[in-house]
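Listed in order, the protein sequences are those of chains A and V.
Residue numbers for the first sequence follow the numbering used here, so the first one is 39 and each next one is one higher.
Residue numbers for the second sequence follow the numbering used here, so the first one is -3 and each next one is one higher.
FYI, nobody ran anything at the bench for these hints, they're computed from the structure.
Possibly wrong hints are sitting among the right ones.
Listed next, with one range per pair, are the computed distances between beta-carbon atoms [stated by the list, open to error]:
hint, chain 1, residue 1, chain 2, residue 2, range
1, V, D164, A, L73, 28 to 38 Å
2, A, Q319, V, N237, 32 to 42 Å
3, V, E5, A, W57, 49 to 59 Å
4, V, D13, A, W57, 29 to 39 Å
5, V, Q71, A, V396, 25 to 35 Å
6, A, G375, V, S111, 28 to 38 Å
7, A, L326, V, S224, 32 to 42 Å
8, A, L72, V, R169, 52 to 62 Å
9, A, G375, V, D127, 51 to 61 Å
10, V, D127, A, L326, 15 to 25 Å
11, V, L129, A, L61, 11 to 21 Å
No residue lacks a Cβ here, since even glycine has one placed at the ideal position from N, Cα and C.
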Amino acid sequence: MRQLIIFVKKEFLHVFRDWKAMLLLIGMPVAQILLFGFALTNEISNAEIVICDLSKDEATQRIIEKFDASKTFIVRNSITNINQVDEAFKDGKTKLVIVFPPNFNYDLQHQKRAQIQIVADASDPNTATTLTNFASQIIMSYQKELLNNQSIPFEITTDMQMVYNPDLKGSTNFVPGVMALVLLLVCVLMTSVSIVKEKELGTMEILLVSPMNPLLVILSKAIPYLVLSIVNLIIILLLSVFMLDLPIKGSLILLFAESILLIITALSIGLMISNITASQQTAMLIALAGMMLPTLLFSGFMFPIENMPVALQVISNIVPSKWYYIIVKNIMIKGLGFTAIWKETLILLGMTLFFLTVSLKKFKTRLS
Amino acid sequence: MQPIVISTEKLTKQFGDFTAVSQITFDVQAGEIFGFLGANGAGKTTAMKMLCGLLIPTSGKATVAGFNVFTQTEQIKRNIGYMSQKFSLYEDLTVLENIRFYGGIYGMRTRDINSKSLDLIKRLNMHEVKDKLVESLPLGWKQKLAFSVAVFHEPKIVFLDEPTGGVDPVTRRQFWDLIYEAANRGITIFVTTHYMDEAEYCNRISMMVDGEIMALDSPSNLKKQFNSKTMDDVFYKLARNAKRGD
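Whenever a hint applies, use it, and build me the whole structure from the sequences.
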């Protein structure tokens, strides 16, 4: 036990001496949160729309005001002729054209139904879908107002609700994604590099000749990065709660427990990489290519897995971050408890045990 | 006659069909400086790994510090020191931190580590640099420090694997002064080397060729036996018939 403490102390010294690397490790999650939160956001705001109001009455005016007041839309222009709709899209800035037919209010009052046409620039289909949904929501809200004020019966309303993400916030997706990415990167990269470094320097030989248990060596290498990852986790959560206004709905303890599980998965992958490589560069490359890419591609936080070809969907199942991503989303955003995520936890646990057994076995055979 | 600290009898290591070390038999006495020579690929490293408890032999017998290399590798590890041609110090730790760390992993008590490390730093004349990072030290100092760290826990035997590779002759000479000092304290030195001038410093040397020990005696007797003026010549006469190499 005393040996372990001495060794862990030495590992922390390594980490602190290399302050540039430490700064990078702590700075990375902050930079990623800022980047995803503000620059690379897929949240839509200030989409420019054009109004084609052929009715120009009280009701259309009210709806246009509502569009203008929303954060999502800016009314950029008005056109008076339906033939100008095509023209309006040509500059590429207009995302939607809202067309009110003639006699809109009259139809609404007398026939109890009226129609609004929403024309969207679908060259970016995701944005188009999101915006049309949002536009119809605004129209619905006006309809509800009418219902309340005048209590007109037989009004048809379509219920369009965005569950869990009513504001169409992008951060709900990327915060769990960044968490998976950062934890995997730090743990896999740093453990594999720090173990391979001892091999490269020849100090591993000395450690193996010493009475120190090799497993203890590995354990003490992992501990500083475990601590560092937890610090990173806390930073990410603080940023997301206080800067991105993304509250943690579920249990914080459960969230940390699941995160530590992922950290252990990552540490055992790092150990496995260090077993098969002899130089720090190789270890770094494998860790980056083997962890960063699959996490970005297959965890589902950038590209929806359901839209992928079946083969890729199958592959995505072996990426640990995918399961962690599902777990974190369920806890953080939906506020669900352990009963909702026990399957994913079990899968992650199985992966961890698998990687740990393989790497420890390889480690032992390499020794003899 | 000093007691025997390393004793091997027909010690053999096979990797599949390949016999890396074939039936080597020798004894090393306490306080002796034992040179372990051989061309590249002769099986020196494999033999040394078996004696350090890193590799389990295929057949034969051997004891190191009185412990069996087949069954008591943990006790062996506790009683030996090791230094390799790479300096095996942590460059990003200070002199004192390195000493303390190695003392610690050998299970020395904190009080002993504190008093002995100050003592060592005084002896090495490194008081001024004790809190400097090892990477800032000159090569010769690093090497002395590495050796001192390897014998810090007062092992019975210290294994040196080509300890002076890539070091100039003056530094090498100084390094050997340290080795003599340790040998006088009763620590047995087991050293591999490629430098024949170093071989001359040993009490006895063994020559390995193709996994077997072809000669074993004091340097002067070997020169007589092979009718040579220098150890270089002895080495050449023995090693030129080697089939293995790299």
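Here is what the structure says about each hint:
1. The beta-carbon spacing between D164 of chain V and L73 of chain A, approximately 52 Å, falls outside the hinted interval of 28 to 38 Å.
2. At roughly 41 Å, the beta carbons of Q319 of chain A and N237 of chain V sit within the given window of 32 to 42 Å.
3. In this structure the hint that E5 of chain V and W57 of chain A lie 49 to 59 Å apart at CB holds, the actual value being about 54 Å.
4. Separation of D13 of chain V from W57 of chain A is about 52 Å and departs from the stated range, judged on CB atoms against 29 to 39 Å.
5. Restraint check, Q71 of chain V to V396 of chain A: a C-beta distance of roughly 31 Å satisfies the suggested window 25 to 35 Å.
6. In this structure the supplied range 28 to 38 Å is violated for G375 of chain A paired with S111 of chain V, their Cβ-Cβ distance being about 57 Å.
7. L326 of chain A and S224 of chain V have their C-beta atoms about 56 Å apart, which leaves the hinted 32 to 42 Å range violated.
8. Separated by about 59 Å at the C-beta atoms, L72 of chain A and R169 of chain V satisfy the suggested range of 52 to 62 Å.
9. One distance hint, 51 to 61 Å for the beta-carbon pair G375 of chain A and D127 of chain V, holds here, with the actual separation near 53 Å.
10. At about 36 Å, the CB distance of D127 of chain V to L326 of chain A disagrees with the hint of 15 to 25 Å.
11. The given range of 11 to 21 Å is respected by L129 of chain V and L61 of chain A, whose C-beta atoms sit roughly 19 Å from each other.
In summary, the numbered hints that this structure violates are 1, 4, 6, 7, 10.
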